[in-house]
Amino acid sequence: MDEWMMGRILCGIIGFSGGFLVAGGVVALIVGLGIVTRFIGISHTAKKVCLYENAVLAGGVLGNLVTVYRPELGFGRYGLIALLLIGSFCGIFVGGWILALAELIHVFPVFIRRLELTKGLSWIVIFLAAGKITGSLLQFYMKWGKS
Amino acid sequence: MNTVYLKIDKNVKVVKRSFCLKELGEVKCEDKALEAKVKLLKIPAPGIQGPGRYIFSIMDIIDAISKEFPGTEVNNLGEADFIVTLERKNTPSPLWQWGKTGFVCVLCFFGAAFSIMSFNNDIGITQLFGQLYQEFTGEASDGFTVLEIAYSVGVGLGILIFFNHFAKMRGSTDPTPLETEMRKYEDDIDKTLIEARDRKSGSSH
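Respectively, the protein sequence lines represent chains V and X. Take 1 as the starting number for the first sequence in the working numbering and just add one per residue. Take 1001 as the starting number for the second sequence in the working numbering and just add one per residue.
Calculated from the structure, these hints are not laboratory results. Treat the hints loosely; a few may be bogus.
[Said to hold, decoys possible] Straight-line distance between alpha carbons at most 35 angstroms, and here's what the computed DSBU-like set of lysine-lysine pairs gives:
hint	chain 1	residue 1	chain 2	residue 2
1	V	K48	X	K1184
2	V	K119	X	K1184
3	X	K1007	V	K119
4	X	K1089	X	K1042
5	V	K119	X	K1100
[Said to hold, decoys possible] Covered stretches of chain X (chain V as the covering partner; in silico rule of three or more C-beta atoms under 8 angstroms from a C-beta of chain V):
hint	stretch
6	1115-1124
7	1144-1157
8	1178-1192
[Stated by the list, open to error] Derived CB-CB ranges, DEER-like:
hint	chain 1	residue 1	chain 2	residue 2	range
9	V	H106	X	E1023	29 to 35 angstroms
10	V	G18	X	L1128	15 to 21 angstroms
11	X	G1102	V	G60	41 to 47 angstroms
12	V	N54	X	Y1185	33 to 39 angstroms
13	X	T1192	V	G59	40 to 46 angstroms
The beta-carbon is built from N, C-alpha and C at its ideal position, and this holds for glycine as well.
Construct the entire structure; sequences and hints are all you get.
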């Protein structure tokens, strides 16, 4: 076996092992955060859990292909529709995700008890959502993000 | 031999400095006359001075019952230790209540705006979205396209869905994550108060 072949086989093993572990990490993150369980709980579709597992699998594989191989899909105008859908669904998922991730939810009970809040608690959630939308739009529009 | 069954909740609210057993929880006894008498038993509470939280042990209650009604057996079905909260009488004005809620709303608004921006920067979303836009349309992204707008609106929607904010309109009975979190937090506080008392008196830990 020559050196060229050895290098390829080693790269293959490293790539496979890396992918194997990262996939576990990604699934653990998604499941561990409890967003998927919440979405399933809200929609009362616990019977279809197997289908959701397949959806996570397909999404993971597709997202990986799009970022690793960077295919020139070149859909032109129709690409905009795809992007509209992708943006909306990604946003909804991230909206649930950042709350679970930041453990922001643990802050509310403290606020509510310390300040003895009793009125209009549902407004807090609405303002939170409004803040996220404003912050995100502002950042993109003003090009504050690092590229 | 008469058995008195007691069930006292972990956290009881009372309105006056002196209270009877009936106000703390459920009392049951086969002998109805005794049950009525036990229910009206005054609980000795020398520690209670003003509004606040006070920790009681079920042993104090058993002591009080056996002192007043010798020969009765007490069967406790509730908590071993519980918290009695003496509430403040005056309730603050609605204006003050709403003012506090408004303050937290403003905090949450700016905090949320800040945290989404730092999150987006952290994951390098500008670069990722530019790349996706290029792949899908074949044109270069100017950084503020349909993708970014849809994502931004979606983030807000996701929060509302996560909190099940529309559940009230449909009359869903499941508690929201906020409500479960609130309950968890209050249980933790009760547990900590009770265990802190135990540590101070040196009876355990």
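Taking the hints in turn, this is what the structure says about them:
1. For the hint pairing K48 (chain V) with K1184 (chain X), the CA-to-CA distance comes to about 29 angstroms; that is within 35 angstroms, so the pair holds.
2. With a CA separation close to 21 angstroms, the supplied pair K119 (chain V) and K1184 (chain X) stays within the 35 angstroms bound.
3. Restraint check: the Cα-Cα separation between K1007 (chain X) and K119 (chain V) comes to about 32 angstroms, which is no more than 35 angstroms; the hinted pair holds.
4. Taking the CA atoms of K1089 (chain X) and K1042 (chain X), the gap is near 21 angstroms; set against the 35 angstroms cutoff, the hint holds.
5. Of the supplied pair hints, the one linking K119 (chain V) and K1100 (chain X) holds, its CA atoms being roughly 9 angstroms apart against a limit of 35 angstroms.
6. Taking a C-beta to C-beta cut-off of 8 angstroms, the stretch 1115-1124 of chain X contributes 7 residues in contact with chain V, enough for the three needed, and the coverage statement holds.
7. For a cut-off of 8 angstroms, the count of residues in the stretch 1144-1157 of chain X with a CB near a CB of chain V stands at 14, and the three-residue condition holds.
8. Counting residues of the stretch 1178-1192 of chain X whose beta carbon lies closer than 8 angstroms to any beta carbon of chain V gives 7, which meets the minimum of three for the stated coverage.
9. At roughly 33 angstroms, the beta carbons of H106 (chain V) and E1023 (chain X) sit within the given window of 29 to 35 angstroms.
10. Taken as a hint, the range 15 to 21 angstroms holds for the pair G18 (chain V) and L1128 (chain X), whose Cβ atoms sit roughly 20 angstroms apart.
11. With their beta carbons about 42 angstroms apart, G1102 (chain X) and G60 (chain V) fall inside the hinted range of 41 to 47 angstroms.
12. Restraint check, N54 (chain V) to Y1185 (chain X): a C-beta distance of roughly 37 angstroms satisfies the suggested window 33 to 39 angstroms.
13. Judged by the Cβ atoms, the range 40 to 46 angstroms given for T1192 (chain X) and G59 (chain V) holds: they are separated by roughly 42 angstroms.
Hint check: no violations occur; every hint is consistent with the structure.
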